[in-house]
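First to last, the sequence lines map onto chains A and L.
Each residue of the first sequence is one higher than the last, beginning at 0 in numbering that gives the first Met the number 0.
Each residue of the second sequence is one higher than the last, beginning at 0 in numbering that gives the first Met the number 0.
In case anyone wonders, no lab produced these hints; they're calculated from the structure.
Restraint ranges, calculated between C-beta atoms of paired labels, are given here:
1) A:Ala-317 <-> L:Arg-164: 34 to 42 Å
2) L:Ile-144 <-> A:Val-94: 23 to 31 Å
3) L:Ile-144 <-> A:Val-97: 18 to 26 Å
4) A:Val-109 <-> L:Gly-145: 18 to 26 Å
5) L:Ala-215 <-> A:Ser-306: 48 to 56 Å
6) A:Ala-24 <-> L:Ala-161: 29 to 37 Å
7) L:Ser-45 <-> A:Ala-128: 40 to 48 Å
8) L:Gly-216 <-> A:Ala-321: 27 to 35 Å
9) L:Gly-216 <-> A:Leu-329: 26 to 34 Å
10) L:Arg-164 <-> A:Glu-14: 12 to 20 Å
C-beta atoms are modelled at their ideal positions from N, C-alpha and C, and glycine is treated no differently.
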Amino acid sequence: MAALASTQSRRVSAETLGIGIAIVAAYGVVPLAGSDYLLDAVLTPFLALALAAVGLNVLTGYAGQVSLGSAAFLAVGAYAAYNLHLRIPGLPLLVDLVLAGSIAAAVGIVFGLPSLRLRGFYLAVSTLAAQFFVQWALTKFGWFSNDNASGVIDAPPLSIAGVSFTNPVERYVFSLTVVVVLSLVTLRLLRSQSGRNFVAVRDHEIAAKVIGVPILRTKLLAFGISSFLIGVAGVLWAFAYLRTVEPAGFNLDRSFQILFIIIIGGLASLRGSFVGAAFIVVFPLLLSRVGAALLGSVFDSGVLEMSQRILIGVLIIAFLIAEPRGLIALWDRTWARTWAAVWPAKHPTIPT
Amino acid sequence: MLRLEEAPPDGPAHGQTRERGDANMRHGGHVPQPLARPVLGLANISLTFGGVAALRDVDLDVAQGEIRAVIGPNGAGKSSLLNVVSGQYRADRGEVRFGEHAFDEVPTSKLTAHGVARTFQNLALFKGLSVFDNVLMGLAHRVRIGFLRQIVGSPLARQIEAENRAAATEVIGFLHLDQVQDRIAGTLPYGVQKRVELARALVARPKLLLLDEPFAGVTLSEKQELSLHVRNARDSFGATIVLIEHDIGLVMGLSDRVAVLNYGRKIADGTPEEIRTDPAVIDAYLGVAHEDDTELAA
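Could you put the whole structure together from the sequences, leaning on the hints where they help?
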């Protein structure tokens with residue numbers, strides 16, 4: 000027992016160490032080393048997408064409820080934050096953020112209701128309703144965009160208690176702080192009984208029901224938490240990254256992009272959400288550099304767009320067949336193999 | 000969901016307060032006498048699937064502290080019976096009683112409140128959780144606090160988590176699963192997974208434990224070990240056990256009383272000795288040479 004407890008605590012402390020290093024690196028090294036371009040065009044959108052992926056992973060990876068409506072909840076978060084800021088003068092930014100997330104959560108719970116009857120493919124199709132309805136409503140009703148003709152909103156400047164976050168470094172730090180706090184809270188949730196209930200409902204709903212897991216509450220909680228996180232990610236996307244957004248920016252392609260992040264990064268893994276988001280952001284940039292170097296002027300933006308779609312498609316299929324647990328599983332396996340080669344550990348044996 | 004009597008919301012389910020039953024009921028080959036109020040009572044249960052009768056007027060009573068087997072050939076209605084008891088199926092007619100609570104449709108989500116736990120014929124583990132977390136899931140119904148308090152780790156949340164972890168650790172030790180408690184359940188051999196499922200059912204200290212073919216698909220040595228665990232579950236945890244089994248030989252040594260189903264009807268009910276010599280049972284299981292058969296053969 001003592002040996003088991005010590006391996007467990009060793010693993011937990013290794014994990015804490017890993018998270019600590021990542022956070023320190025994200026705060027300390029990157030703002031000093033990074034150029035404005037890197038922060039503005041790579042790291043800030045990476046953070047927003049990573050948070051959205053964390054949100055979708057709670058719902059799809061952990062609780063097993065497939066959703067194609069992520070972009071709708073991004074939009075709800077962004078437009079809710081915009082309207083709250085506009086219509087409630089003096090509303091503190093953090094309160095705005097939490098309220099916008101809560102509104103997204105409420106919308107998510109409403110669109111999550113079909114999950115009580117539908118599952119798998121049918122549920123995925125029903126979440127499309129959220130995708131199309133939200134985009135339609137934001138375009139149709141001028142009130143949401145303060146009567147802008149094309150539904151475009153301009154984000155207000157970010158500031159908390161007189162400290163403003165305007166330049167790329169500040170906006171990055173703001174986004175990073177929000178993402179770190181919410182990811183840690185999500186990690187806590189997933190380690191609690193509610194988090195175990197998510198996986199139980201995903202893996203065997205009938206068994207979960209028999210042992211007294213409240214199925215309805217668990218599914219709706221997953222939809223609520225997921226939509227909250229995606230809603231806040233939408234605020235980051237609109238306020239810290241693009242700063243001018245329109246409903247068309249939150250289309251079905253965006254929903255698929257977030258779904259691809261968690262498939263490529265790793266279902267039911269928070270680290271996978273970050274790895275997948277990094278991949279999705281960096282991949283087109285790498286591809287354009289490599290393509291331009293190899294093919295020169297033939298590799299224009301049209302070809303880039305097309306080859307990017309093809310390669311992502313191939314990768315999705317490859318991952319679904321070869322490694323459904325995504326990049327993070329590849330990483331863990333490589334890591335474990337290296338570790339075992341350096342320091343051969345005793346593997347637990349199975350008693351007969 | 001039509002309930003004939005309202006069950007108390009918390010019920011008398013929790014292990015610590017439950018009586019352990021009469022000591023001599025739980026030991027040796029002694030056959031417990033049915034009490035006035037059986038732990039589980041089925042009356043006139045009938046169930047049809049699109050005109051095919053799966054169960055026909057089945058009665059069954061299960062006394063405190065006994066191991067009660069329900070056997071029968073394939074398709075006899077054994078699993079259907081268990082699914083009626085745990086509320087996955089709704090009987091067309093008849094009544095299910097847990098102690099003094101009667102139902103015409105058992106509310107599955109309230110099973111734990113009545114102290115009922117079950118395992119499944121084909122494994123129903125949470126494949127993505129560790130063995131420890133699977134066992135911990137057996138106590139999910141005790142965590143009745145909001146997710147925010149779970150995240151923050153309020154004193155009550157921590158206390159419940161600590162109690163549940165202690166209970167899970169105890170059952171894991173009891174079933175010798177310590178060595179694999181951190182492994183992901185889906186990666187373990189079948190026989191070990193069966194034991195994990197038993198642990199998940201036992202951790203809540205159920206009054207009534209329903210086992211659906213616990214020995215199906217495991218090796219002979221695992222069968223013997225599992226049957227020992229089943230007996231221990233009764234002797235040490237005080238659970239009354241209903242056991243569905245296909246393998247007639249195994250249950251004879253394990254059970255106090257045996258009911259036999261064939262084509263959805265109960266054809267015999269009694270001690271293993273009575274069942275072993277019952278002509279109807281022998282007929283159902285082995286077939287007998289009827290007179291007209293012999294004539295035809297001759």
